[in-house]
Amino acid sequence: DAGVTQSPTHLIKTRGQQVTLRCSPKSGHDTVSWYQQALGQGPQFIFQYYEEEERQRGNFPDRFSGHQFPNYSSELNVNALLLGDSALYLCASSLTSGISYNEQFFGPGTRLTVL
Amino acid sequence: AQSVTQLGSHVSVSEGALVLLRCNYSSSVPPYLFWYVQYPNQGLQLLLKYTSAATLVKGINGFEAEFKKSETSFHLTKPSAHMSDAAEYFCAVTVGGFKTIFGAGTRLFVKA
Chain A
4 DAGVTQSPTH
14 LIKTRGQQVT
24 LRCSPKSGHD
34 TVSWYQQALG
44 QGPQFIFQYY
54 EEEERQRGNF
64 PDRFSGHQFP
74 NYSSELNVNA
84 LLLGDSALYL
94 CASSLTSGIS
104 YNEQFFGPGT
114 RLTVL
Chain B
137 AQSVTQLGSH
147 VSVSEGALVL
157 LRCNYSSSVP
167 PYLFWYVQYP
177 NQGLQLLLKY
187 TSAATLVKGI
197 NGFEAEFKKS
207 ETSFHLTKPS
217 AHMSDAAEYF
227 CAVTVGGFKT
237 IFGAGTRLFV
247 KA
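In the order they appear, the protein sequences are chains A and B. Quick note on my numbering: the first sequence kicks off at 4 and runs consecutively. Quick note on my numbering: the second sequence kicks off at 137 and runs consecutively.
In isolation and in its complexed conformation, chain A is listed as follows (with noise of 0.2 angstroms):
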């Protein structure tokens, strides 16, 4: 059973350019979430979504944008990146259900360097 991927491991960009992350899910989940872990900190949460649509969203301007498909895998979109941009995006799948608490599993994440 594959894990959470993502892809790509790695990708450098310069600012202004935009850029695109792909996750596909752990198989059975349909929930997919995004992280930004810029260097020496935690996670921060960017967005979820589930049923193809955003459910929640962290503090992030509207340059962060995604979409979740119909087979639950999922896209990250940023747009006139920034030199702050640089960071790893790390994708977390789960499975949506009638309790509160659903376990995510994270994928190892895109290092993206903006120049």
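Don't read these hints as lab results, they were simulated from the structure. Every value quoted in this text rests on a predicted model; they were computed, and no experiment measured them. All residues carry an ideal CB built from backbone N, CA and C; glycine is no exception. Some clues are possibly wrong.
Per label pair, the in silico range of CB-to-CB distance [claimed, not checked]: (1) A:Asn74 - B:Tyr175: 39 to 45 angstroms; (2) B:Lys247 - A:Leu86: 34 to 40 angstroms; (3) A:Leu118 - B:Ser150: 27 to 33 angstroms; (4) B:Pro215 - A:Thr17: 48 to 54 angstroms.
Starting from the structure of chain A, add chain B where the hints point.
Using the frame of chain A, we list chain B on its own:
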């Protein structure tokens, strides 16, 4: 608003010594609490979780944590450190089952 505070950005212990990583949380509702470990250039791995069952939670690799509501703490312990325990550890709280808030992390160093 929910928040997580990890006391000590770096902790150093000798191999075989007790590991204690401190975490305090703030939550207006009963929280779900987690400890994750991150090895260099890797994602996060769940060590253990508290979801309102037993207050003493046992996790993988010999780690455990105790939920203390009166102290709003969820400290992580391991009786005997191993060299392979050297990593970054994150305490986290889940809000409403959706958004997870992480602490800033504690890097654990294990000396031979």
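Taking the hints in turn, this is what the structure says about them:
1. A:Asn74 - B:Tyr175: 39 to 45 angstroms: violated, 30 angstroms
2. B:Lys247 - A:Leu86: 34 to 40 angstroms: holds, 36 angstroms
3. A:Leu118 - B:Ser150: 27 to 33 angstroms: Violated: the Cβ-Cβ distance is about 41 angstroms, outside 27 to 33 angstroms.
4. B:Pro215 - A:Thr17: 48 to 54 angstroms: holds, 50 angstroms
In summary, the structure is inconsistent with hints 1 and 3 from the numbered list given earlier, while agreeing with the others.
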